[in-house]
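J.: The residues making up each chain are set out below.
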Amino acid sequence: MKLFLSGNEAIAFGLVEAGVRFIVGYPGTPSSEVIPTAMDIKKRFGIKGYFDWSVNEKVAFEEATAASYSHIGSAVVMKQVGLNVAMDPFMNTAMTGAPGGLVVVVADDPGPHSSQTEQDSRFLAFFAKIPVLEPSTPQEAYGFSKKALFLSRNFEIPVMIRSVTRVSHSREDIEVGRLDDLQVKPNFIRDVDRFAATPHFRLILHKELNEKIESIKKLKWFSDFEEYFEGGVLIVTSGVSFAYLYDIVKDNNLEDKLKLLRISMSYPLDLEKLKKAIDKTGSKRVLVIEEGYPVIEMQLKTKMPTVEGRLSGLVPNEGELTIDKIGEILAKAGVLNQKSHGFVLPPFKRPSLCPGCGHRSAFYAIKQVFKNKAIYASDIGCYTLGLNLGAVDTVHCMGASISFGFGFDKVYSLFGKNDQVVVATIGDSTFFHSGMPALVDAVHNNSKLILVILDNSTVAMTGNQTTPADKYNQIGEKTKSIEIERVIEALGVEFLKIRDAYDIDGMINDLKHAKDFVLDNKVPAVLIFRHPCVYSGEGLENNIRFKNIYINKDLCTGCRVCVNQFECPSLIFDEDRKKVFIDVATCIKCGQCVKSCPFDAIKVEQ
Amino acid sequence: MKLIILGVGGMGALSLSKIVAQMSMNRNISVRSSEIHGMAKKGGLVEVQMKIGEGKSGVVLQKTADFTLVLDEAYLDYGKAFLREDVFGFIVLKNKDKEWIVKDLGDIRFANALILGRFVKQQNLFTNDDAIEVLKNFKFFKKNRIAFERGLV
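Protein chains in written order, with my numbering: chain Y, 74 to 679; chain Z, 838 to 990.
Chain Y with its partners taken away, still in its complex shape (with noise of 0.2 Å):
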């Protein structure tokens, strides 16, 4: 069966078609279509596994970690920063082992297109000694998958995917092999010296891991390099860098120029067979490039101290490797003759939430009653663009706007005026993956903090996945909803009032009295601001839809009030006109916009 994967979708296959029968996770660009499509797999071929979301990255670990304890294949997927929420068990699973095999699926963000870092979580498999696999395309996500768990058994040790954007999100037409139900059974064994190992019995698992590590470090395919063409200046590459190295000497005949070494496992590397290949090749000049950080080159340097690469100031030590780049780098180390031809960059376009977003209007509503005067720390997701409305300060980590709020309210009402407004908003999903703690102590310790949870009932930035209160999954499963209201209840919050986003008056009336609330009480005061997402396509078709929405132009001044404090995309000012106008192509004709224009000219008709 052929298939245009995605290399996120060729992983899924690649894990099932192995027998990974358990894999969890949480959503992050752009790691997020693994699950999705494992979901989907496990529908269409009536596959027996548990696939489905966690909700955060640690949970997830931790739940796939006792999987493989008994004996089943599993996996984890996540972003990059989404392995920093996970360290703990991450650490941990690879000192214990993992018997059923446990295949950590990271994708990295070098850019970065759409994360806070650019990190490289090769050096996070370095650091928790587990083998790292790098694929280069789609075709080998789906190969190396199925070899990550082979690995992953045979070893008892958990084994990282390194995918990157790149790969993920490129497409290519993969001949796939048959999904069979497999007959698994779950057959934990009892063993305390390793499944709860006391500092004692942890030393005797981390020479166990070492020996795990040098073993792998000499096995036959994972070890092995392959080479092309027959150049004199050898390049040491790996991933996404390899297939661009692959096109540049293929597109600019420099079959004879250039040499390409390709490690398919950056860690552990064989450094003696390594140093051997390399000297085999009698070239005199050693490059290497990767994508990330300088893994293999660290690694490389203390055998070959001449290498050039990122240490050596040949690579640049941020930013993508992209094509582009790795052409400048060869005519920069005098391999390539590029003709720079100026690149043309893409116009800019602020990204903004969506036309008729409920974000949007919530952030609106508490401009409106907080002005400039407030301190708003806000989260990551959608709303992190609450920032073209003046009404993000802070936005750090998973569930940090709840934390830092109670910081910024701490110090100020310790060291400053204690009539210091601080304003958090979060997404429903990040409340659940990572607030929920820093409300605790926000209530526990008396935190004035006004909460908003701006609540879309899915996790939309990255695609609409289902979020803990939902009352079924992606595929029509049944799941128990977790109401955000009781758990605020539970946690002691003793303000609470819960309003559609679209009512604008309303929440401005909410915010004053939240306002008025933690002033005088000094405890937190928690809004539910709620609106399906107009991205969805059920959210779009149950929002409201005015039959037409125009601007009146004898009213319009031009003031452009709606454009900049309202913010929404559809609508445009037109320079020549000095008017506003609605972007027909995009309006979803919510009438949001039309509290926002103080003459009146913005108009609907039922």
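Think of the hints as simulated: they come from the structure by calculation, not from any bench.
Please note that a few of the clues may not be correct.
Claimed, not checked - Dumping the calculated BS3-like pairs for lysine-lysine here, alpha-carbon to alpha-carbon at most 30 Å:
no., chain 1, residue 1, chain 2, residue 2
1, Z, Lys-940, Y, Lys-652
2, Y, Lys-323, Z, Lys-855
3, Z, Lys-980, Y, Lys-75
4, Y, Lys-490, Y, Lys-446
5, Z, Lys-940, Y, Lys-662
6, Y, Lys-620, Z, Lys-931
Unchecked claim - Computed list of chain Z residues with no C-beta within reach of chain Y, every gap over 12 Å:
no., residue
7, Met-838
8, Asp-903
9, Asp-923
10, Val-924
11, Gly-926
12, Gln-960
13, Asn-961
14, Leu-962
15, Thr-964
16, Asp-966
17, Phe-975
18, Phe-978
19, Lys-980
20, Ile-983
21, Glu-986
22, Leu-989
The structure displayed is predicted, hence computed values, not measured ones.
Idealized CB from N, CA, C, for every residue including glycine.
Got chain Y; can you put chain Z on it based on the hints?
T.: For chain Z alone, coordinates are given in the frame of chain Y:
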């Protein structure tokens, strides 16, 4: 063949690339693509680069593409930068096309069938039937067909 598709979130640039890929696979021609999304959904650029019958990566460099399909006029200059100097494969969805689609077909996402029509008309690798073969499996085949045929005019 090297192909670039540019659009903004929700315009169907990704669907368009998948249609072209399915047309390739139906004809047993290798196909690769590379795409950037993420913030793209928020009104930003959706860029799909495709190689049909060539290459290891799906990446297409500027000044090397045979065709550029632009679904948003904001990206005219950027789209042109991808074209080889000796080709004329520049296909643009104009504002008046958008208005026609929204008015007559009711959803801007039919734009990709119109653009597909213009693309198929200009090149020799795929036939009209190759495109119809893929489009006919779509839920709104009738409207897609209307848009596609308008592209052939």
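J.: All the hints need checking, so say for each whether the structure fits it.
T.: Verification of the supplied hints:
1. Z:Lys-940 / Y:Lys-652: holds (24 Å)
2. Y:Lys-323 / Z:Lys-855: holds (26 Å)
3. Z:Lys-980 / Y:Lys-75: holds (28 Å)
4. Y:Lys-490 / Y:Lys-446: Status holds; Cα separation ~12 Å.
5. Z:Lys-940 / Y:Lys-662: holds (15 Å)
6. Y:Lys-620 / Z:Lys-931: Between Lys-620 (chain Y) and Lys-931 (chain Z) the Cα gap is close to 25 Å, so the pair holds against 30 Å.
7. Met-838: holds (14 Å)
8. Asp-903: The claim stands: Asp-903 (chain Z) keeps its Cβ more than 12 Å from every Cβ of chain Y (closest is about 14 Å).
9. Asp-923: holds (15 Å)
10. Val-924: holds (16 Å)
11. Gly-926: holds (17 Å)
12. Gln-960: The claim holds: Gln-960 (chain Z) sits with its nearest Cβ about 19 Å from chain Y, beyond 12 Å.
13. Asn-961: holds (21 Å)
14. Leu-962: holds (15 Å)
15. Thr-964: Fine: 19 Å to the nearest Cβ keeps Thr-964 (chain Z) off the interface.
16. Asp-966: Non-interface label on Asp-966 (chain Z) holds, nearest chain Y Cβ at 20 Å vs cutoff 12 Å.
17. Phe-975: Non-interface label on Phe-975 (chain Z) holds, nearest chain Y Cβ at 16 Å vs cutoff 12 Å.
18. Phe-978: holds (19 Å)
19. Lys-980: Lys-980 (chain Z) is indeed farther than 12 Å from all Cβ atoms of chain Y, at 16 Å.
20. Ile-983: Correct as stated: the minimum Cβ-Cβ distance to chain Y is 18 Å, above 12 Å.
21. Glu-986: Glu-986 (chain Z) clear of chain Y: closest Cβ-Cβ about 21 Å, beyond 12 Å.
22. Leu-989: Non-interface label on Leu-989 (chain Z) holds, nearest chain Y Cβ at 23 Å vs cutoff 12 Å.
Against the hints set out earlier in the document, no violation occurs for any number.
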